[in-house]
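Engineer: Chains A and B are the protein sequences, given in the same order. Residue numbers for the first sequence follow this note's numbering, so the first one is 1 and each next one is one higher. Residue numbers for the second sequence follow this note's numbering, so the first one is 1 and each next one is one higher.
Rather than coming from a laboratory, the hints here were simulated on the basis of the structure. Among the hints, a few may not be true.
[Claimed, not checked] Mimicking BS3-like on lysine-lysine, the simulated pairs with C-alpha atoms at most 25 angstroms apart in a straight line are:
(1) A/Lys-177 - B/Lys-87
(2) B/Lys-87 - A/Lys-214
(3) B/Lys-90 - A/Lys-177
(4) B/Lys-146 - B/Lys-124
(5) B/Lys-142 - B/Lys-90
(6) B/Lys-155 - A/Lys-177
(7) A/Lys-293 - B/Lys-163
(8) B/Lys-90 - A/Lys-214
(9) A/Lys-214 - B/Lys-124
(10) A/Lys-172 - B/Lys-90
(11) B/Lys-90 - A/Lys-132
(12) B/Lys-34 - A/Lys-293
(13) B/Lys-138 - B/Lys-104
(14) B/Lys-146 - A/Lys-63
(15) B/Lys-155 - A/Lys-211
(16) A/Lys-214 - B/Lys-138
[Said to hold, decoys possible] So the derived list for chain B, only partly shown, Cβ under 8 angstroms to chain A, looks like this:
(17) Asp-100
(18) Glu-162
(19) Lys-163
[Stated by the list, open to error] Far from chain A, some chain B residues (derived; all Cβ distances over 12 angstroms):
(20) Tyr-28
(21) Phe-31
(22) Glu-72
(23) Met-74
(24) Gly-107
(25) Gly-115
(26) Gln-116
(27) Thr-118
(28) Lys-124
(29) Pro-129
(30) Gly-137
(31) Lys-142
(32) Phe-152
(33) Ser-158
(34) Met-168
No residue lacks a Cβ here, since even glycine has one placed at the ideal position from N, Cα and C.
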Amino acid sequence: MHKLIRTTLFLMLLYRSSASAQDTTLLNLLNDSLSNHHQPDVVTGTFKATQIINTPTVQAPAKRSLQFLIMHRFGRLNEGGYALFGLDNATIRFGLDYGITDWLAVGVGRSSLEKTYDGSFKLKLLRQTTGKIPVSVSLYELLTYTTLRYSDKPFLTSRFRTAYTSQLLIAKKISSKLSLQLTPAFMHFNLVKNPADKNNIWEIGLGGRIKITKRMSINAEYNYLPDNQVVTDRVYHSLSLGLDIETGGHVFQLVFSNSQGMIGPYYLAKTMDRWGKGGIFFGFNISRSFSFKK
Amino acid sequence: MKNFLLLFLFTLALQKSHAQMYLTRNGYIGFFSKTPLENVIAENRQVYAVIDPDKKNLAFVSLMKGFLFAKELMQEHFNENYIESDKYPKASFTGNFTGDVDVKTEGVYPVQVNGQLTLHGITKPIQVPATIEVHQGKITGKSDFKLTPADFDIKIPSIVREKIASQMDVHVLVECNPK
């Protein structure tokens, strides 16, 4: 009988304590329910900008938003004090990119280098998803058309002025700070300087970013051009370093690169300068995003 | 005597099982920032909420990535720069309310909700007015209040300070069904 009373008292105590602990019990109930029903997350913000430095990233303008991009490179640092270490000279590219859907963006641009117009699209094929898809993959297709007049080359028809660049962008956001991108590329030039130069050129790029604060990151990209493809000109692999600073709808990128050109065929296959000799172009990219949603 | 005790235990057990809880997995939390330069609207329709009207306890949990913005870039900045959803994926609230709610009588009952709100890894006590509506066997909790991001160590850089209000209007609406 005593035992029964003791059990009852114990149960009553247990009951009371469970009542007072109800607060956290309710929260635990919700947390359990949440982890049971939770859907995998699509990884966002792999990079801050639509380009690492020159190489396009898996980021693209969202549906119904327009990005205005200014890419600017001064002259070579080794031009010396007379040209204020390259600051007297500049090449520039203006670009407009628009998100038609969340997986397709189209763009147009114009570079002062060889007065080149370009048209492009970026197609999102895969999006990195936690526990499901390890990488984001996009396809970037770029068509370039140079309009620089050569009085000595009357044979330069529109066909010969056109080149095509395809890049497969394979990116992984490894942590909230570190993202890497592997970028195999294929280019086709309708015209090359000599028969020994290849019309079809393969190239592979590796790039990434490390965030140093929430709104700043250090970026780097290296584009490796295998030998015996461009032989007439002495070309080098493109190496670029940059600093991203993001402020609301703007991304500023400060850039050092041995490539003067900022679009596919130029930085991938026409990089004529090298870091070792001070053939470094300082410059910046500035993007501004406009959304046409309410 | 033995029978009496058994009866007593039985009533206790009965009382406990009678404690009806009301639950939802698609509650709503929205927050609004209004400035002359820009309005920011974010809405989460996958809020988990539970209300226990007998014990006057309630709890909320929501995933920060569940907040949807009209502009995708804003949503990305919200997750990356402000709320840091990789580091602090959830917001939660646990607390109780004061005021009488009779679940057997339909009507709107004004209450005062007190408890602990955890946001961006920081827990703060909050006290907000709310209403609890009993209608067709459901319990709907509703509350409008203001939150200050700075209280939860969410920093707004000076360059965008004119576009983001220092206080957010928060709307909560949870329609809970008996569990």
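Engineer: Okay, which hints does this one fail, numbers in order?
Structural biologist: 14, 16, 17, 18, 22, 23, 25, 26, 27, 33
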